[in-house]
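Asker: Sequence:
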Amino acid sequence: MAKSQQWQRIPTELSLEQFEQFVLPHLTAGSRGPASKLTAHAIFNYILKLLYLGCQWKALPIAMDRHGRPEIHYTSIFRAFRRWQACECFDAVFLASVVRLSHDQLLDTSIIHGDGTTTAAKKGGDNIGFSGHKHMKGDEVVAFCDRNCNVIAPFVPAPGNRNESPLLRDALPQVIQIAREANLDLRDSVVSLDGVYDCRANRKAIFVSGNFGSSGTCG
1 MAKSQQWQRI PTELSLEQFE QFVLPHLTAG SRGPASKLTA HAIFNYILKL LYLGCQWKAL
61 PIAMDRHGRP EIHYTSIFRA FRRWQACECF DAVFLASVVR LSHDQLLDTS IIHGDGTTTA
121 AKKGGDNIGF SGHKHMKGDE VVAFCDRNCN VIAPFVPAPG NRNESPLLRD ALPQVIQIAR
181 EANLDLRDSV VSLDGVYDCR ANRKAIFVSG NFGSSGTCG
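Residue numbers (the UniProt record's numbering): 1 to 219.
If you are wondering where the hints come from, they were derived from the structure by calculation, not from laboratory data. There is no bait here: all hints are sound.
In silico DSS-like links for lysine-lysine, alpha-carbon gap of 27 Å or less:
| # | residue 1 | residue 2 |
| --- | --- | --- |
| 1 | K137 | K58 |
| 2 | K37 | K49 |
| 3 | K37 | K58 |
| 4 | K137 | K49 |
Input sequences plus hints: build the corresponding full structure.
Answerer: This is the structure we're talking about:
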């Protein structure tokens with residue numbers, strides 16, 4: 001029987017069991033104001049839905065209660081999002097996911113791939129700039145993943161009109177920090193990059209990091 005293939009996907013909704021196992025231990029509770037009408041699980045799923053849809057907060061689809069009114073106001077969800085963001089809860093959730101992948105031996109860091117991608121944003125938002133190369137307005141991120149396409153470091157965002165090459169020097173320390181906190185050994189790893197990152201400053205940043213034993217490749 002052929003071995004089943006594992007697929008990576010961006011979650012748009014978590015079950016209660018998944019939330020309590022992977023997310024809840026890293027979230028903080030508010031200390032002021034009235035208690036929320038919804039559980040942290042429901043609020044977190046609303047945040048996932050908004051990130052997936054890419055809509056404005058006021059356009060977030062809210063379910064109705066038994067009286068036919070929205071079960072929660074979007075500003076309450078936004079306040080929870082800002083609190084968790086300020087307390088670095090999302091960073092803790094991401095780090096825990098990398099640690100879990102490493103513990104389950106699902107990471108292959110023999111080669112680490114780094115690349116940037118640009119997302120169109122026609123109606124505005126954060127980090128917006130017009131890219132003359134790609135002829136669109138939006139933002140871009142630089143991401144690092146292992147050979148199994150698992151993202152192993154937080155994205156480094158920038159306006160769409162920024163050159164990707166200097167962003168590597170901001171993204172690389174994120175990789176090193178996650179590797180140290182997750183006990184990942186990158187001393188024999190090869191950094192595979194797109195040709196746009198091929199410059200002396202980026203090569204020096206890779207070599208002086210002290211965590212990569214093999215040379216980086218660009219192409």
